[in-house]
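Residue numbers (this note's numbering), protein chains in the order written: chain E, 1 to 395; chain L, 1 to 161; chain Z, 1 to 272.
Mixed in with the good hints, there may be bad ones.
[To be verified] Not the full set, but computed from the structure, chain Z residues with beta-carbon under 7 Å of chain L:
1) Val168
2) Asp171
3) Ala175
4) Val207
None of these hints come from the bench; they were simulated from the model.
C-beta atoms are modelled at their ideal positions from N, C-alpha and C, and glycine is treated no differently.
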Amino acid sequence: MDGPIPADGPLLMEAAALDPLLDALRGAGYRVIGPTVADRAIVLAELGSAADLPFGWGVSLEPGGYRIRRRDDSAAFGHSAGPQSWKQFLHPPREKVWSARRTAGGFEVEAADEHAPRLAFFGVRPCDLRAIEIQDQVLGRGEHAGSRYAARRAGVFIVAVNCTEPGATCFCASMSTGPQAGPGYDLALTEMAGAGTHRFLIDVGSPAGADLLAGLPVRRADDATAGSARSAVAGAADRMGRSMPADILHDLMAGSAGAARWDDVASRCLTCGNCTMACPTCFCTTVEDTTDLSGDHAERWQLWDSCFDLDFSHLHAGPVRSSPRSRYRQWLTHKLGTWHDQFGSSGCVGCGRCIVWCPVGIDLTEEVAALQAEAGQAGNSPGAAPQAQTGGEPS
Amino acid sequence: MNDAVPASALADHAFLRGMPADDVTRLARAAVAVRLPAGRRLFDEGAPASKCWLLTAGHVALDLHMPGRANLIVETLGRGDVIGFSWLSPPHEWQFGAEVVESAEAFELDGATVMVLCDRHPELGYQLALRLLAAAVQRLQATRIRLLDLYAVPSHDAGAR
Amino acid sequence: MSLQAVPAREATRYRAAETHDTVTLGLEPVDDPIAPHRPGQFAMLYVFGSGEVPISISGEPGGPGLVYTIRSVGAVTRALCEAGPGELIGVRGPYGTEWGVTDAAGQDLVVVAGGIGLAPLRPALLAALAARERYRRVTVLIGTRTPDDLVFAGELETWREHGADVRVTVDRAAAGWRGHVGVVTQLIDRVDVDPAATLALVCGPEVMMRLTARSLGARGVAADRIRVSLERNMRCGIAECGHCQLGPLLLCRDGPVISYRRAAALLTVKEL
Chain E
1 MDGPIPADGP LLMEAAALDP LLDALRGAGY RVIGPTVADR AIVLAELGSA
51 ADLPFGWGVS LEPGGYRIRR RDDSAAFGHS AGPQSWKQFL HPPREKVWSA
101 RRTAGGFEVE AADEHAPRLA FFGVRPCDLR AIEIQDQVLG RGEHAGSRYA
151 ARRAGVFIVA VNCTEPGATC FCASMSTGPQ AGPGYDLALT EMAGAGTHRF
201 LIDVGSPAGA DLLAGLPVRR ADDATAGSAR SAVAGAADRM GRSMPADILH
251 DLMAGSAGAA RWDDVASRCL TCGNCTMACP TCFCTTVEDT TDLSGDHAER
301 WQLWDSCFDL DFSHLHAGPV RSSPRSRYRQ WLTHKLGTWH DQFGSSGCVG
351 CGRCIVWCPV GIDLTEEVAA LQAEAGQAGN SPGAAPQAQT GGEPS
Chain L
1 MNDAVPASAL ADHAFLRGMP ADDVTRLARA AVAVRLPAGR RLFDEGAPAS
51 KCWLLTAGHV ALDLHMPGRA NLIVETLGRG DVIGFSWLSP PHEWQFGAEV
101 VESAEAFELD GATVMVLCDR HPELGYQLAL RLLAAAVQRL QATRIRLLDL
151 YAVPSHDAGA R
Chain Z
1 MSLQAVPARE ATRYRAAETH DTVTLGLEPV DDPIAPHRPG QFAMLYVFGS
51 GEVPISISGE PGGPGLVYTI RSVGAVTRAL CEAGPGELIG VRGPYGTEWG
101 VTDAAGQDLV VVAGGIGLAP LRPALLAALA ARERYRRVTV LIGTRTPDDL
151 VFAGELETWR EHGADVRVTV DRAAAGWRGH VGVVTQLIDR VDVDPAATLA
201 LVCGPEVMMR LTARSLGARG VAADRIRVSL ERNMRCGIAE CGHCQLGPLL
251 LCRDGPVISY RRAAALLTVK EL
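Whole structure, please, built from the sequences with the hints as guidance.
What follows is the structure, encoded as structure tokens:
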């Protein structure tokens with residue numbers, strides 16, 4: 001590296017420099033989480049070295065289908081819609097909230113320790129970056145600014161990866177969440193893995209990002225390379241296999257309570273809740289109060305929960321949302337509609353995980369198109385006719 | 001003290017709202033204004049039923065006699081309500097008792113006179129029948145709600161799923 | 001400043017049995033007291049090792065939420081109803097929206113309560129009676145199951161002395177009951193109400209609130225001058241767990257007190 005990091009403009013780094021980059025992150029005190037191949041899927045795990053990355057691995061995606069496959073190139077980030085999202089680290093599936101113990105006078109309560117390790121997220125797709133921002137709004141800002149989520153979130157270093165190749169089930173472009181990463185990253189990479197070359201364009205997004213690159217073999221990117229990377233990302237936006245009419249979703253959902261389509265999807269939906277587990281923005285939790293056998297020590301745990309669970313809406317004599325129809329309707333109208341009313345944005349980032357990981361292959365873009373058509377026939381469509389679904393390219 | 005009732009006073013009663021003026025005038029011929037002191041038994045279960053009352057003030061309780069217990073109130077009626085349906089059809093006997101619980105004022109209608117007026121003026125009969133039906137339906141709906149026992153502790157309804 | 005997630009402890013100062021299954025607990029703070037509550041708000045009450053339930057604060061506003069009226073319907077509420085003197089209870093709150101009783105200033109105030117629904121309304125009523133001259137007519141209509149199920153029975157006369165027209169009706173009379181018998185909506189038809197200048201506060205089972213709002217509407221009271229207190233499954237109380245959603249509303253944050261204009265459409269959708 002000659003001299004200080006250039007103040008503006010993208011940088012260029014060879015793939016061989018990935019290990020020094022990961023070392024720099026660990027040296028700065030972070031535990032680095034990134035994609036790895038395990039259990040015949042691309043899963044997020046701690047990276048010991050760059051070799052842990054899934055070089056040359058891609059995925060075949062379809063509604064209700066996910067297979068990893070060998071790519072023609074050695075790209076490390078040529079995959080999407082993995083079974084997990086980054087929410088498992090910021091909003092853990094199981095978490096102790098506080099504990100209490102019996103005393104002579106009654107009981108004492110102690111908040112659970114927050115030993116938040118400093119995490120670096122390596123390889124955050126633009127859709128997932130937006131999902132993190134959405135969960136920040138729900139769980140970490142305003143009245144929640146002092147929450148455990150906020151404490152975990154504050155220390156996270158984010159290396160985003162722009163997309164040049166949409167997954168077959170992706171629709172980030174129509175949800176305005178990709179394929180270019182929005183603000184919120186410390187560094188954003190664009191991978192260029194071709195014949196004989198493997199390099200990354202780097203955009204610096206924060207002072208912390210700039211500091212990390214100090215001492216690493218990066219140089220200013222030439223215009224041709226930078227331009228090529230940019231158009232690869234822009235081109236991805238035109239090759240999405242699915243889209244959603246984002247502008248009209250809130251009103252479409254608001255008017256859909258009595259739609260016949262819900263019966264149709266209910267005949268397929270198993271209410272298994274996979275979609276809520278895989279979705280990077282679903283945040284619902286339940287609390288569990290437990291005691292040990294002596295009865296002297298109690299704990300309150302917070303666990304992921306799903307609106308598909310019958311117990312979720314339990315009130316007095318039974319669940320408010322008893323039928324599968326009402327539970328699927330709740331999930332979709334919340335995700336695409338009332339999320340706006342509650343949190344000021346859509347809850348959907350277009351990652352397509354719910355389509356892939358639904359065991360019966362329910363595709364919410366199809367459901368939305370059907371609801372839109374039904375509303376149109378009833379003469380109260382809030383928007384234009386549904387857009388045609390074009391064939392997608394497998395990633 | 002019983003006074004004749006001017007049609008205009010009768011027309012103000014909620015039960016007769018919207019009734020054509022001619023019919024109200026005819027009905028007034030069957031009506032007297034009465035004051036009912038608290039504690040007065042308006043009628044007793046089993047007695048011949050020949051009148052009905054349009055309450056304008058106070059409260060009247062319908063009750064049932066229970067052996068070994070004081071009369072049990074089944075419904076309280078107040079301003080705007082009509083009391084007494086049993087005069088309409090055989091056996092023309094009161095099915096419940098009625099006691100004035102808070103000193104009341106009402107228009108008392110003589111059943112026989114009303115029936116003669118209705119025979120002569122079917123239009124009046126139709127108007128009255130509609131309103132009596134509406135009052136009965138309202139009581140039925142209220143009774144159904146009471147049967148739901150809404151304030152009870154809810155228990156899991158096995159048929160809910 | 002974040003919403004508290006760890007309960008503050010309060011000790012039971014007194015326990016008053018209202019009915020065979022309902023108890024009013026008066027608590028005093030052991031840890032730092034929670035913030036003063038406004039009428040209509042609720043708190044999450046914790047019983048050691050048993051769990052938490054949302055309970056409306058039923059005491060006078062102005063001080064920390066220390067008075068709760070609890071009906072025994074499950075394990076946690078049963079434990080609360082059996083709390084002995086000095087027993088510690090965990091409290092998180094106060095949460096939720098308020099009745100806004102001062103919006104009735106210069107107007108008629110009508111309070112309609114069904115069963116235990118009188119408890120969340122009591123703070124609003126006490127606030128109004130403490131400033132009685134601000135309101136025209138103050139009418140309290142109470143529907144309850146039987147005379148034995150009437151809560152705060154010993155206070156009704158005091159409320160009347162402070163200028164409230166209090167009427168009680170039961171669904172089913174017991175021997176010796178000489179009061180009203182019938183559904184609470186029948187009382188609405190018999191009170192004097194100036195529909196153009198009335199604020200109605202309604203709390204009770206959801207069916208009762210719907211029918212009451214309808215009756216009030218039939219008397220000409222506008223939907224946005226009727227407020228109801230809604231209930232859904234609650235776990236966190238701090239708008240983080242997603243359970244208490246009713247359409248676009250998170251009831252722990254946007255409720256429980258909601259204008260009937262907003263609530264009406266939501267309450268008629270089955271399984272919303």
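Hints, verified against the model:
1. Taken as an interface hint, Z:Val168 does not check out: its beta carbon lies about 11 Å from the nearest beta carbon of chain L, beyond 7 Å.
2. With its C-beta approaching chain L no nearer than about 4 Å, Z:Asp171 sits inside the 7 Å limit, and its interface hint holds.
3. A hinted interface residue such as Z:Ala175 counts as satisfied when its beta carbon comes closer than 7 Å to some beta carbon of chain L; here the least separation is about 4 Å, so the hint holds.
4. Contact between Z:Val207 and chain L, as hinted, is supported at the beta carbon level, the nearest pair being about 6 Å apart and thus within 7 Å.
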